[in-house]
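Asker: Using the hints, put the two chains back together into the complex; each one sits in its own frame.
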Amino acid sequence: MADLEALAKAFTGLGIDEKSLIENLGKSHPEHRALFRKRTPHFFIEDERSFERWNDHCVRLLKHEFVRFKNALVLWAMHPWERDARLVKEALKKGPQSYGVIVEIACTRSSEELLGARKAYHSLFDQSIEEDVATHIHGSERKLLVALVSAYRYEGPKVKEDAAKSEAKILSNSIKNGHKKNPIEDEEVIRILSTRSRAHLKLVYKHYKEVSGNIIHEDLDDSDLIMKETVECLCSPHAYFSKVLDEAMGSDSHKNTKKGLTRVIVTRADVDMKEIKEEYMNLFGVSLSKKIEEKANGNYRDFLVTLITRDN
Amino acid sequence: MASLKVPASVPPPQEDAEQLNKAFKGWGTNEGLIISILAHRNAAQRNLIRQVYAEAYGQDLLKDLDKELSNDFERVVLVWTLDPAERDAYLANEATKRFTSSNWVLMEIACSRSSHDLFKVRQAYHARYKKSLEEDVAYHTTGDFRKLLVPLVSAFRYEGDEVNTMLAKSEAKILHEKISDKAYSDDEIIRILTTRSKAQLNATLNHYNNAFGNAINKNLKEDADNEFLKLLRATIKCLTYPEKYFEKLLRLAIKKIGTDEWALTRVVATRAEVDMERIKEEYRRRNSVTLDHDIAGETAGDYERMLLALIGHGDA
Numbered sequence: 001m002a003d004l005e006a007l008a009k010a011f012t013g014l015g016i017d018e019k020s021l022i023e024n025l026g027k028s029h030p031e032h033r034a035l036f037r038k039r040t041p042h043f044f045i046e047d048e049r050s051f052e053r054w055n056d057h058c059v060r061l062l063k064h065e066f067v068r069f070k071n072a073l074v075l076w077a078m079h080p081w082e083r084d085a086r087l088v089k090e091a092l093k094k095g096p097q098s099y100g101v102i103v104e105i106a107c108t109r110s111s112e113e114l115l116g117a118r119k120a121y122h123s124l125f126d127q128s129i130e131e132d133v134a135t136h137i138h139g140s141e142r143k144l145l146v147a148l149v150s151a152y153r154y155e156g157p158k159v160k161e162d163a164a165k166s167e168a169k170i171l172s173n174s175i176k177n178g179h180k181k182n183p184i185e186d187e188e189v190i191r192i193l194s195t196r197s198r199a200h201l202k203l204v205y206k207h208y209k210e211v212s213g214n215i216i217h218e219d220l221d222d223s224d225l226i227m228k229e230t231v232e233c234l235c236s237p238h239a240y241f242s243k244v245l246d247e248a249m250g251s252d253s254h255k256n257t258k259k260g261l262t263r264v265i266v267t268r269a270d271v272d273m274k275e276i277k278e279e280y281m282n283l284f285g286v287s288l289s290k291k292i293e294e295k296a297n298g299n300y301r302d303f304l305v306t307l308i309t310r311d312n
Numbered sequence: 313m314a315s316l317k318v319p320a321s322v323p324p325p326q327e328d329a330e331q332l333n334k335a336f337k338g339w340g341t342n343e344g345l346i347i348s349i350l351a352h353r354n355a356a357q358r359n360l361i362r363q364v365y366a367e368a369y370g371q372d373l374l375k376d377l378d379k380e381l382s383n384d385f386e387r388v389v390l391v392w393t394l395d396p397a398e399r400d401a402y403l404a405n406e407a408t409k410r411f412t413s414s415n416w417v418l419m420e421i422a423c424s425r426s427s428h429d430l431f432k433v434r435q436a437y438h439a440r441y442k443k444s445l446e447e448d449v450a451y452h453t454t455g456d457f458r459k460l461l462v463p464l465v466s467a468f469r470y471e472g473d474e475v476n477t478m479l480a481k482s483e484a485k486i487l488h489e490k491i492s493d494k495a496y497s498d499d500e501i502i503r504i505l506t507t508r509s510k511a512q513l514n515a516t517l518n519h520y521n522n523a524f525g526n527a528i529n530k531n532l533k534e535d536a537d538n539e540f541l542k543l544l545r546a547t548i549k550c551l552t553y554p555e556k557y558f559e560k561l562l563r564l565a566i567k568k569i570g571t572d573e574w575a576l577t578r579v580v581a582t583r584a585e586v587d588m589e590r591i592k593e594e595y596r597r598r599n600s601v602t603l604d605h606d607i608a609g610e611t612a613g614d615y616e617r618m619l620l621a622l623i624g625h626g627d628a
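So the protein sequences, as listed, match chains A and B. Our numbering puts the first residue of the first sequence at 1, with every later residue one more than the last. Our numbering puts the first residue of the second sequence at 313, with every later residue one more than the last.
Calculated from the structure, these hints are not laboratory results. Fair warning: there could be bad hints in the mix.
[To be verified] Pairs of lysine-lysine, DSS-like flavour, derived with a Cα cap of 25 Å:
hint	chain 1	residue 1	chain 2	residue 2
1	A	Lys119	B	Lys442
2	B	Lys375	B	Lys334
3	A	Lys160	B	Lys409
4	B	Lys409	B	Lys568
5	A	Lys160	B	Lys459
6	B	Lys510	A	Lys119
7	B	Lys459	A	Lys180
8	B	Lys442	A	Lys169
9	B	Lys442	A	Lys158
10	B	Lys459	B	Lys510
11	A	Lys165	B	Lys442
12	B	Lys459	A	Lys169
13	B	Lys432	A	Lys158
14	A	Lys165	B	Lys459
[To be verified] Reference excerpt, derived from the structure (chain B facing chain A, CB under 7 Å, subset only):
hint	residue
15	Arg434
16	Lys442
17	Lys443
18	Ser444
19	Glu447
20	Phe468
21	Arg469
22	Tyr470
23	Gly472
24	Glu474
As the structure is a prediction and not an experimental result, all values here were calculated from the model. From the three backbone atoms N, C-alpha and C, an ideal C-beta is built for every residue, glycine too.
So here's chain B without its partners, still in its complex pose (with noise of 0.2 Å):
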């Protein structure tokens, strides 16, 4: 369930984009009237106030919060106001433009996002960067990643329920067969989890787990340094437990672990409109504590207060 709340009555694009406009004139700028619009309209909304925007202001709304605002509010701004398969396509180019944290960002974008949505995705970068996703992916990387990350960024997933129990068995057995040989990029181990459904793959890996004794990622846990190692943990929770996988992610970025600085500002804006309240229920158990709570605690001014807005604290 998504933690965006919208007013009941939501106001004409016009009237949005007018006030939004005002934020910006004269000294200063009101960042106050900024979240309280943009933080509270879904993405088909905020589609229609940035057209409106540019109607009646010869500007793209997001040229004008790039020049008012800065720092992490102004990038939470101009993420999450972004129609979500364009932020896909920005933020998987920029992540093919960095090293090797940005892998994380492909494989989140590849295995959290829908079959469909995925697909927007590519549209999308066609529109914007006039070559594909996938060209990019192959190009900036290498290797067992590339062999991992294309497969993903390519997947047109079939979205049904149905499992097949007997190839759920005997393809949790060709996993593990693999692993144990510490095969761990082999051609199987890259067909079964680029290639299978979700429904799929999570019957095969609890198959693993009964035949098994132990929950896959158990088993690959081998070398603690092995970053490839790492990135297929971490696909494989991304696909069959993504409010898990983001959780852990802005744990790690609340407590500021690790170098994904930029996550917190990720996860909230593409997850707002999506399952941000399952994760916040995620990171509750985990953590004893809201999120809420932790991002208080943690970040401060108008970062924290659209961050707060956009996981839902407080009225619409």
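Looking at chain A on its own, in the form it has when it is part of the complex (with noise of 0.2 Å):
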């Protein structure tokens, strides 16, 4: 017997409920079908020939959900480098609203891991990720970005405080002018954020909510939407990335938000997911397994689920 509900849930979400299917439809008897095609208005179409044809705009979509799983495998078992080279080049050829995803890759991942990517890069694509990067990117982003995944920040604890000071100063400055010159364009601007060390921004970060009274990317609205991003994610990843989570998770999120959810928990499940976990009950007062498993379906979600809990 066609469960119809059960039916539309296996196809809601992120991935595909396989057993259900297997249960619903393929035990089904052509009736059930018949039903199941007049029921589901929008998975199928009334053709004026009299019979429900699939919605082709459906299928793909569908697609997309099935190929969930498997792109999550491939990605997981890939090597770390090639991972992070073939991430940056699908954001180039997405577009200016993928442009967050090399961002997050060049300023989450350690000095060596992006050496290591870039490396990959060149094996890759016989190029550099420089050179692609300032190829591609025409807007007032591109200097920000080419220097981000240039960078090779000295990972060390040592910092300079008068520096950080005056850098503080310096970006609070930019800020509040931004309505005269876009802070993502001023040359101290993109010094101080692709150049300093980890350590040396903390400190920095810290002048600057003593200096202007705000957390950094509280005074960043999305219409810089570039520079929050690279703020956050060199000041609070965690927080960051359990943001993407929960908007890969949003109901109405657009197809490369839900990527978000494959690309944060496979690219971080060796390196911080303990952290982004406790990150994300704090901001959103769920676990984060309870969410994926009430968004996310059959072996795609079992699959995130395993990767998150590993060491629990």
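Answerer: See below:
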């Protein structure tokens, strides 16, 4: 007996509930399927010649959902260097709405990991990462993005107190005067965000808060999205990742945003998933595993949950 | 090709270390002995000697050299003895401390080292100075110089031979447009020069010459006093014909033209293990005398002897 509700659920969310489909559709009789076609109008359209045909757009969407598990597996097995190189290339191809992924990779990877990605990029694409980024991006964010992917930040604890103070002021002034000159094109802002070590930047943010009263990314809104993401990735990566995950699982998330779920889980499962889970709980009041179980289906869901609960 | 001459059978590092230590003992220093050893060991061998020396005598060989030697001779020996990545990090750091001519040193290191070697410099810089090379270069430069130098030192150029001809043609056109508009520090010029592979750049500049009748550097000779243009021309030369770049630097240094007094020491020490033979060929072609001849004419004493040894004069 085709359970229409279960069927509808099997196709809702991220990934596909394979078991439910096998149970329901697999065991269905022709009249059950006819009912399914009649009762799920957004999947099927009434054709002029009196039959219900698959909505092509839906079939394409379904394809994405079926392939989500395969993509997650392939990405998971991949060497991290190849992974990051391919993610950047894909982001460049997709265009401005995906440039956040470039920021994510350039700013959350360690200096050695980013170097690795740059090496892999040579092998995979016969070009350097900075060359490709510079060629494909034409807007105001080009300078910052090229600088971010070219960075090889010092990773130690040594910081410069005086420089941090003055750099906090520089950032604050630039953001305040944002309406006159876009901070993302300010050569000093680019210098600070793309060359300073993470430890030094932590100190800069601390002084920024003292100078302006706010946490730096609160002073940036979505019109400065790239810059906001840069600052978030550099100063509070776990909160950033939590937000990407939550957006991916949102009810009306865009095709590209949904990919964030696979990307973040697969790329961080070996790195800082514990901290991300903690931050997720802090920000959204629900456990990440629970949310994934609610919003994802089938093998895809089980795979992701396995990745994030491995050390429990 | 390197000009460095290493003997067919090299004594073990322990023996070299012992001999060097002997060279420092007593009154005065046996400079000849120092030259006969250090000027005939490659980077890997020198690193071993330093290691063994430190274990045997509890002191960094470089510190002892610094104590015992002086002037130009000391400088060339110290700079030479350093591991190449460490050396470039040291030179780059020195360059960020001083004024304009030092932009050239940064450019030279960024453009004439391979992608892999440039990254080793960045790693050595972290280790030695507890900050990143690009951080220091960015902090100590401004305007157009920063715009050019930071991406140059941060580049990790693709090293393959593949060339995209269509791209070379279109980028030659872009370069020509910007130069005709006198927009010398335009984002597009910077992009092309600081990100493209050396092979691709060569193709682009050849197309430039074919399409516009002039080598690009001719079109950049506009203003004799424009420091940025000078640096831009040098960048292009260093990326495409390093031996010509270094020949000119040597020629000016030997004739004592310009303010880069260090250049002779620096070029010999940094290229002896890389392409000094090519540079010597270029020098002879351009000046009708050998580099050996001019160095012997313009320098003296142990400094001269060390330089000559490094450029392959005489035996191993």
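Asker: Going back to the hint list, which numbers does this structure go against?
Answerer: none
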